[in-house]
Amino acid sequence: MSTPAPAVPAPGADTEGLQVAATEQARHSRLPGWFVILWRNGKCRIGLLMLGAFVLVALLAPLIAPYDPRGDDFPTSLAPTGGHWLGTTAQGEDVFSQLIVGARTSLIVGLAAGLLSTLIGLVIGLTAGYLQGWVDEVLSFLINLGLVVPALPLMVTLAAYAPVRGLWLIIAVISVTGWAYGARIKRSQIITLRTRDYITAARFAGDGTARIIAREIVPNMTSLIVVGFMGAALGAIGGEAGLAFLGLGDPQTVSWGTMLNQASLGGALLTGQWAWLIAPGLALSLLITSFTLINFGIDALSNPHLRED
Amino acid sequence: MTLLQVENLSVTYTPRDLPANRAVHDVTFDIDEGEFVGLLGESGCGKSTLGNAVLRLLSPPARISGGRVVFDGVDVTTASEDELRALRWTDLSTVFQSSMNSLNPVIRVQAQFADTFAAHRIPGDVTARATELLELVSLDRHVLRAYPHELSGGMKQRVALALALALRPKLVVLDEPTTGLDVVVQRSILTRLAELRRELGFAVLFISHDLGTVLEMADRVMVMYGGEIVENRTAAGMLHEPRHPYTRGLLGSYADPRLPDVQVTYIPGRPPDLSRPHRGCLFTPRCPHAEDACREVHPELLPERGGLVRCLVAQEDRLPVVRLGAADAAATIGSHFPATGALTDPGGTPDVVAEAVLSVDQVSKRYTTRRGLRTSTTDAVRDVSFTLHPGRVTALVGQSGSGKSTIARLVTGVERPSSGEVRFEGGSGPTVRVDRLRGRALVDYRRHVQMVFQDPFSALNPTRTVAYALSRPLVNFAGLRGTAIRERSAQLLESVGLAPAGQFLDKLPHQLSGGQRQRVVTARALAPDPQVLIADEPISMLDVSIRAEILELLGELVRNRRLAMLYITHDLLSARLLADEVLVLNQGVLVERGPTRDVIGAARDDYTRLLLDSIPNPFAPAKRSGDASVVRSAQPGG
Ligand SMILES: Nc1ncnc2c1ncn2[C@@H]1O[C@H](COP(=O)(O)OP(=O)(O)OP(=O)(O)O)[C@@H](O)[C@H]1O
Ligand code: SF4
Ligand SMILES: [Mg+2]
Numbered sequence: 008m009s010t011p012a013p014a015v016p017a018p019g020a021d022t023e024g025l026q027v028a029a030t031e032q033a034r035h036s037r038l039p040g041w042f043v044i045l046w047r048n049g050k051c052r053i054g055l056l057m058l059g060a061f062v063l064v065a066l067l068a069p070l071i072a073p074y075d076p077r078g079d080d081f082p083t084s085l086a087p088t089g090g091h092w093l094g095t096t097a098q099g100e101d102v103f104s105q106l107i108v109g110a111r112t113s114l115i116v117g118l119a120a121g122l123l124s125t126l127i128g129l130v131i132g133l134t135a136g137y138l139q140g141w142v143d144e145v146l147s148f149l150i151n152l153g154l155v156v157p158a159l160p161l162m163v164t165l166a167a168y169a170p171v172r173g174l175w176l177i178i179a180v181i182s183v184t185g186w187a188y189g190a191r192i193k194r195s196q197i198i199t200l201r202t203r204d205y206i207t208a209a210r211f212a213g214d215g216t217a218r219i220i221a222r223e224i225v226p227n228m229t230s231l232i233v234v235g236f237m238g239a240a241l242g243a244i245g246g247e248a249g250l251a252f253l254g255l256g257d258p259q260t261v262s263w264g265t266m267l268n269q270a271s272l273g274g275a276l277l278t279g280q281w282a283w284l285i286a287p288g289l290a291l292s293l294l295i296t297s298f299t300l301i302n303f304g305i306d307a308l309s310n311p312h313l314r315e316d
Numbered sequence: 014m015t016l017l018q019v020e021n022l023s024v025t026y027t028p029r030d031l032p033a034n035r036a037v038h039d040v041t042f043d044i045d046e047g048e049f050v051g052l053l054g055e056s057g058c059g060k061s062t063l064g065n066a067v068l069r070l071l072s073p074p075a076r077i078s079g080g081r082v083v084f085d086g087v088d089v090t091t092a093s094e095d096e097l098r099a100l101r102w103t104d105l106s107t108v109f110q111s112s113m114n115s116l117n118p119v120i121r122v123q124a125q126f127a128d129t130f131a132a133h134r135i136p137g138d139v140t141a142r143a144t145e146l147l148e149l150v151s152l153d154r155h156v157l158r159a160y161p162h163e164l165s166g167g168m169k170q171r172v173a174l175a176l177a178l179a180l181r182p183k184l185v186v187l188d189e190p191t192t193g194l195d196v197v198v199q200r201s202i203l204t205r206l207a208e209l210r211r212e213l214g215f216a217v218l219f220i221s222h223d224l225g226t227v228l229e230m231a232d233r234v235m236v237m238y239g240g241e242i243v244e245n246r247t248a249a250g251m252l253h254e255p256r257h258p259y260t261r262g263l264l265g266s267y268a269d270p271r272l273p274d275v276q277v278t279y280i281p282g283r284p285p286d287l288s289r290p291h292r293g294c295l296f297t298p299r300c301p302h303a304e305d306a307c308r309e310v311h312p313e314l315l316p317e318r319g320g321l322v323r324c325l326v327a328q329e330d331r332l333p334v335v336r337l338g339a340a341d342a343a344a345t346i347g348s349h350f351p352a353t354g355a356l357t358d359p360g361g362t363p364d365v366v367a368e369a370v371l372s373v374d375q376v377s378k379r380y381t382t383r384r385g386l387r388t389s390t391t392d393a394v395r396d397v398s399f400t401l402h403p404g405r406v407t408a409l410v411g412q413s414g415s416g417k418s419t420i421a422r423l424v425t426g427v428e429r430p431s432s433g434e435v436r437f438e439g440g441s442g443p444t445v446r447v448d449r450l451r452g453r454a455l456v457d458y459r460r461h462v463q464m465v466f467q468d469p470f471s472a473l474n475p476t477r478t479v480a481y482a483l484s485r486p487l488v489n490f491a492g493l494r495g496t497a498i499r500e501r502s503a504q505l506l507e508s509v510g511l512a513p514a515g516q517f518l519d520k521l522p523h524q525l526s527g528g529q530r531q532r533v534v535t536a537r538a539l540a541p542d543p544q545v546l547i548a549d550e551p552i553s554m555l556d557v558s559i560r561a562e563i564l565e566l567l568g569e570l571v572r573n574r575r576l577a578m579l580y581i582t583h584d585l586l587s588a589r590l591l592a593d594e595v596l597v598l599n600q601g602v603l604v605e606r607g608p609t610r611d612v613i614g615a616a617r618d619d620y621t622r623l624l625l626d627s628i629p630n631p632f633a634p635a636k637r638s639g640d641a642s643v644v645r646s647a648q649p650g651g
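Protein sequences appear in the order of chains A and B. Under the working numbering, residues 8 to 316 are what the first sequence spells out, in order. Under the working numbering, residues 14 to 651 are what the second sequence spells out, in order.
Don't read these hints as lab results, they were simulated from the structure. Please note that the accuracy of each hint is not assured.
Claimed, not checked - Quick list of the computed label-pair ranges, beta carbon to beta carbon: (1) A:Pro226 to B:Glu304: 40 to 50 angstroms; (2) A:Trp46 to B:Thr496: 31 to 41 angstroms; (3) A:Pro226 to B:Leu272: 46 to 56 angstroms; (4) B:Pro118 to A:Val156: 27 to 37 angstroms; (5) B:Pro118 to A:Ser292: 32 to 42 angstroms.
To be verified - Partner residues aside, some chain A positions facing chain B, computed with beta carbon under 7 angstroms: (6) Arg203; (7) Tyr205; (8) Ala208.
Each residue gets a CB set at the ideal place from its N, CA and C atoms; glycine is no exception.
When you get a sec, could you build the whole thing from the sequences and use the hints?
Written as structure tokens, this is what we have:
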């Protein structure tokens, strides 16, 4: 008697099936699964739209900004007028143009420092979790060190004593201080993943460690990596603004942080230039709000029950 | 008196990404006070959904879409949350399969009892009451001071049971309370449960996919298929005269492994997709007795011979008569193992045994664990020797923790023995000392020795297609490139009964059923064309009705490809069906060995007999009613 091949497909709707169904649906629409899940959440969608607007402004900054943000041939300390929507600075620069170009800086810092610290966290977390043994002990010590050392003072010290100034210094400082949290989460995730039978099976199929990590483990961590990136980017944007506000930023770059710094130095409060003072702070909080809203959806990535609202 | 009344209950899942799923459809039944009712059916038939609906524990996307549930005069379907809270736990409590994992990990057992008492304002001394409850489930009082992680699965499950009984409920819903536990532990929990019910007189709704357990325990059994109840009658009636073809099929997967002639059957095919509308009887595609009318008319659940049955042919009394458990039953129920094949009678093939391909020689493994300053040693395996031969299956039987999987790791070179030798003699070169392999040599050795894993749901990477899984050993071991990989993968799939292969190659694991996944896992193990196959509990996570199918596949592969197989299991029935030789392992020591029939048919060792007695077997009480007390007294106390 031949072995009967089950001709009827499996009942599609097991609970696990539900979790991957979004991924499957995304396959048809060519969007990544995590994006589909994020987009479904109302709050998250608003966050994504806001972030999209910021990205658009940043990309098109040279076209949108009416003047050169560093051009200082306007009258100084103007209140908002038709020609200068948000007035001018104490040096005679156009505040609105600075605001637009500042979006670019914030997003570049967020993207670059987010990527960099996610990458550091990924490499260290994965190596520690996968290799275990003394490698893990050394790396875990590093991670814990990174977690207990307060980030802001470290950032300030690093930025203050660095021999060079510049945006990339800020990005480097933020990445170096911000990778530890992500590394710890990734380490514990890989520790649970590495004991799965499919990892053993891959070893039985003759695959090497590097391939197993890249092809078997990392694809199962995408949502975690996305979450980690968002968190790191948010921290980086806030960090840059903070450093710049303290005067530790790159004086050559226009950013919301340096704007705030100059507004307070230039006596915006005394001259009553509310717009100069409020605009960069407001832009910054809107950007941070958009990240927070996106985070609501990110919870749903890891908890399928939250997806059914 | 009627305690629980379920009337025309329907539950629908309306998930966002999938079509709506009618998980429970028009279900009606009663449970009397003190009655023990079993609810049976294969995975996905809606048992848990029904159990949760009774407790109104459904959460979105599930929704009660019709009917009502009345418990002790209260309409649960419309009751307010406050009324429900008063009812749940005090009168109506539950133990899930995962209850053992739902104990709060950071507080001691005592505190969990204290919380339960406090939540329901039970006065008095917590310790005294809790000790009393633990005694009920045969646990020692020092368990109170333990954290959940310090207890074994069986102990945790008993704590969960004690908590469920804490307030003397009238009805306890048990959803797979022992699935995943080892046979011996399972047996002792069930025995205790039966005694408790006799003492305390609560009613039970016992949900399980394991017919053997349900029939042994329950007064009355309801069988569910595709969200409907298809048969409902007394356990005794069900055992002697099952009237629905599906019930007959389920019963066919049991047999007493000690009988000289063992025959099991299975129902090919899969349950219906409940998100699509169906006309006629849901069981038609799998039913051996289906007629034209079955495709058109949806049968009602009607009284028939003292029970209720949902089958057109049975209602007209035209089903053929079968004697279950008898050898001739097979011909009338679904598919069955070939009577001449090795599967039905492995002991009786006095083949000339070929040279051993793998020898395990006086192997011991000692684990040293360091906890703070103290080190403790465990002898996982002691002085074990055996050989594996081409075309033969050697079963390694033992309860969990007996060292079975350690032996698998030693044989595959994942770990090294503390003493003794593992030799592989099947390669073209000289004998390989497996206990000394490392690096590249170990990878090369795996070409010859492959594994089939226990849990088909974790043995395949959820993000990788079937084609990718199969391609890796083909690239690494067979050196295939380009289109040859896909061709060979397709052949492999067809050799494990997944045809046409094109339909499966690009699927992701979640698009396959459990049985199909296990076939893919087997195909991957066959890819390097190994000589030795280690199967570590390959069927224990599968539905009872699929188990026989996978066993048959493994048996065929061994015979056709002259594989040497080590079949690791705690299930003696499957060992009886598949193996030529049986090794019984108890706490790391081989206590009994020999041809399957001799070891199982006439077990000499006490431990082997305990394992045999722990197998749920619905036919056993009928055949061995006299020695039931003997069985019980053989249980370990704790
Ligand atoms: N969250 C969910 N969303 C959509 N469908 C679901 C969900 N949970 C369960 N289902 C579907 O409802 C049906 C019944 O599921 P249920 O969990 O009650 O099965 P079961 O009989 O308890 O199975 P098992 O033996 O595997 O526990 C199945 O078809 C299942 O796929
Ligand atoms: S109604 Fe027909 S198809 Fe359904 S179980 Fe009865 S005989 Fe089989
Ligand atoms: Mg269930």
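How the hints compare with the structure:
A beta carbon spacing of about 49 angstroms between Pro226 of chain A and Glu304 of chain B agrees with the range 40 to 50 angstroms that was offered as a hint. Under the hint 31 to 41 angstroms, the C-beta atoms of Trp46 of chain A and Thr496 of chain B, about 38 angstroms apart, fit the expected range. Pro226 of chain A and Leu272 of chain B have their C-beta atoms about 49 angstroms apart, which keeps the hinted 46 to 56 angstroms range intact. Range check, Pro118 of chain B to Val156 of chain A: Cβ separation about 30 angstroms, and the 27 to 37 angstroms hint holds.
For the hinted restraint 32 to 42 angstroms between Pro118 of chain B and Ser292 of chain A, the CB-CB distance of approximately 39 angstroms keeps it satisfied. Taken as an interface hint, Arg203 of chain A checks out: its beta carbon lies about 5 angstroms from the nearest beta carbon of chain B, inside 7 angstroms. The interface hint given for Tyr205 of chain A is met, as the beta carbon of that residue sits about 4 angstroms from the closest beta carbon of chain B, less than 7 angstroms. Hint status for Ala208 of chain A relative to chain B: holds, with the closest Cβ pair at about 6 angstroms, below 7 angstroms.
Checked against the numbered hints given earlier, the structure satisfies every one of them.
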